[in-house]
Each structure stands twice: as C-alpha cells, then as structure tokens.
Amino acid sequence: MASAMIEIREIFTQVEETFHELGPPLQVPRKRGAVCAVLTNPFAGRYEPNIMPMMESLNPVGIDMTRRLLAAMRVSPEQIEGYGKGAIIGAEGEIEHGALWHVPGGYAMREVLGGAKAIVPSTKKVGAPGTALDVPLTHINASYVRSHFDSIEIGIADAPRADELLLALVMTTGGRIHARAGGLKASEIKGEDGLR
Amino acid sequence: MSAKIRKIATFLEETRSEMGRPVDPPTRRAAAVAVVENPFAGKYVEDLSELMAIGEELGELLTQRAVAALGISPAKVESYGKAAAVGENGEIEHAAAILHPKLGAPVRKFIGKGAALIPSSKKRGGLGVALDIPLGHKDAAFVRSHFDGMEVRISDAPRSNEIMVAVAVTDSGRPIPRVGGLTKDQIKGEDGLR
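As given, the protein sequences belong to chains A and B, one line each in that order.
If you count the first sequence from 1, position 183 lands on 180 in our numbering, and the numbers rise without skipping.
Position in the second sequence (first residue = 1) + 63 = our numbering.
With the rest of the complex left out, here is chain A (with noise of 0.2 Å):
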C-alpha cells in the first residue's frame, strides 16, 4: 500500500455467523464478511482521462483486504465457497472511478484463494456516507450454482466523503441457509468453464 495514489483512512470488516433461518439448526453454522477499505478518490472533483494509473496500485490493497477478511472470519481459503465485489463513490467521483476495482478486487482474491474459476460479481453507485450496497455472491468455481446466489449489505454511517471511495470484497462458507430452490448443485461442478 506504499503507492502514492493510495490513502486509506478506514478498514472496516463485518462478520456474520447465522446458526439457523427459521428451520433446523445448521450442523456447521455459516459465515458471511465483508471487508471494506474507504480511501482518497485521486480523481474527485474533475475529469481525469487517464485513470489507470490508480488500477495496478490497488493491487496490494486487495490483497491485504482479502487476507484481513479471512482473518477476521477465521477460516483458511479452502473453507470459501462464495464470493463478491462492490464500490460506492463519494459524490465528487464518477461512477467510472468504482469500475477500477473490477481488476484488482477480482486478482487478489483469486490470488489469496488459489484460484477460483468463477467471475466475481460486482455492483458499484455513486452514493452518500452510511449509502447501503447490495454486493452480489456467486460460487467461487461455478457462477450457476443456485444455492450460493445471495448477497451481503454492506454500508458505513460516515463513508464514503465527496472525495472518497469505498472498496468492498466480500466472501462466504457457504450458499443460503436451508437453501431448496433447486438448480445447479455446488455437488455437481464441473469446474471446467467458471459457468457449471
């Protein structure tokens, strides 16, 4: 993080472990987190035509986020089965600033995981401080598996200022609770195309 574009002013991470959702309790309860980084928008206030100076230096920031949300949810990468992605953009920035994170956010998950065959989804807005994200999940290997489609809101009451960024990743043990709406199993991937 010794790159001169990047300021970080916040990390926060938010873990959740649901035990049961109004069925049977769970043998092994499953864990949620998200991790966010709220750092300076360099480009806040202007129109910059050459943003990709700021993409290889969030690099290293995705990597330390995804190590510090495994972390936080104490569990090794083997233990991940879903994952995903997510930016707000303070309102001095554009919409174009958050697509920045679709590189970096993707490879340092892939990276600390060992290699996830499956796109990561993302969502991104312009938003206020305390704005709330939806930030969507897939399986890590298969994007079709029906049980591990879910998301995680993320949101924090004073981010992202006018000239911030707000980062997410977020990653999961598991598919929904008690999920029985059918479709593809997490038993069933082939593994071969990231799709099934």
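Because the hints were derived from the structure by calculation, they are not lab data.
The structure presented is a predicted model; accordingly, all values stated were derived computationally and were not measured.
Where a beta carbon is used, it is the ideal one built from N, C-alpha and C, also for glycine.
Beyond 12 Å from chain B on every Cβ pair, some chain A residues (computed):
#, residue
1, TYR44
2, PRO50
3, MET52
4, ASN56
5, ILE92
6, GLY112
7, PRO118
8, LYS182
Covered by chain A, according to a simulated footprint, are these stretches of chain B (three or more residues, beta-carbon under 8 Å):
#, segment
9, 70 to 79
10, 213 to 223
Since chain A is already given, all that's left is putting chain B on it; use the hints.
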C-alpha cells in the same frame, strides 16, 4: 433457559486518518451483535427474569467475540458500551431486562476492572434498524476523549419476534481528540467517574 441465537455479527473499524491527518496508531473499535428470539414477543409478561438470564449469557459471549475481533488481550480494552433493538412485537422493557440487571457483570469479569457504568441505548425497530451504541471509558466515565458512539446494522434483523443485542469495545478513544476534559492518564479509577 439459554438464548435462542439465530445469528451473530461482528464489526471491526480501524481509522487511520481523519481530515488528512494520520491517526497513528489507528483507533480501533469492535461490536458483536446477537440476534435472539424474544420469548415474550406478542404478550405481556410480568416476570422478565428469563430475559435477564439471556442478558448474562450474551454479556459473556459478545464481549469475548468483540475483543477477539480487536485481536487484543482483554486488559487492553479502553472503552465499552451496550445496546439492544427489540422487534416490533416486543417491549422496550424487554431490552431493559436483557441489558441492565445481569449483562454487565460478565463483561467486567472478562475484561478485568470496569469501574464505570456501561453506557447503553435501546430502541424498538424493524429490519435493518440502525443501533447507535454509546461508548465511554471503562474505568472513568468522565474521560472526554472516549465519549463516542458506534453504529451497527444488520439488514435482516430484528424480525418482529427477535431482539438484537450489542456489546462494543475499543482499544482507544476518538481518532484525534482535542476538546479538553479529563484525559485517560489522569484517571484515579476509584469511583468509576474520574
């Protein structure tokens, strides 16, 4: 009877700068929140001792979880707070029964000391309600640098028959305190106030 817990969430916040000024070491605070069934939802019950027992159980569990999230030894905790949000079929008094009679003792036992009152708040609300947990220094309520609050939310709680119970701990006060008052190095620690 023990608490029927649907979910536990922990939140950890680390602030590294404020208005461009570095905060070094960063200020850190954590909250642990349990979502439990309200055994008295939808009816008036005179004797709330069952909820008091749930408060005692959660005091220990949530303090352990929050301190673990900070990754510090329990003795390093500087401030604390507690709060509860009751789902729409419950009474504010249910939150009071969980928070006030018995929740504090296991908190203090775990972190050692804690002469000051544990500041608290409570409310009734629906799914995703924001709970602002007040924070104060654990040994001297008048330490001004540690007057603070932490907002927590869980998007799917509390359901109407549930109660959200939160304990928050910190290893520090506000990021760059400069409004004077009693400082932590001046604590006498005898009466819980100064």
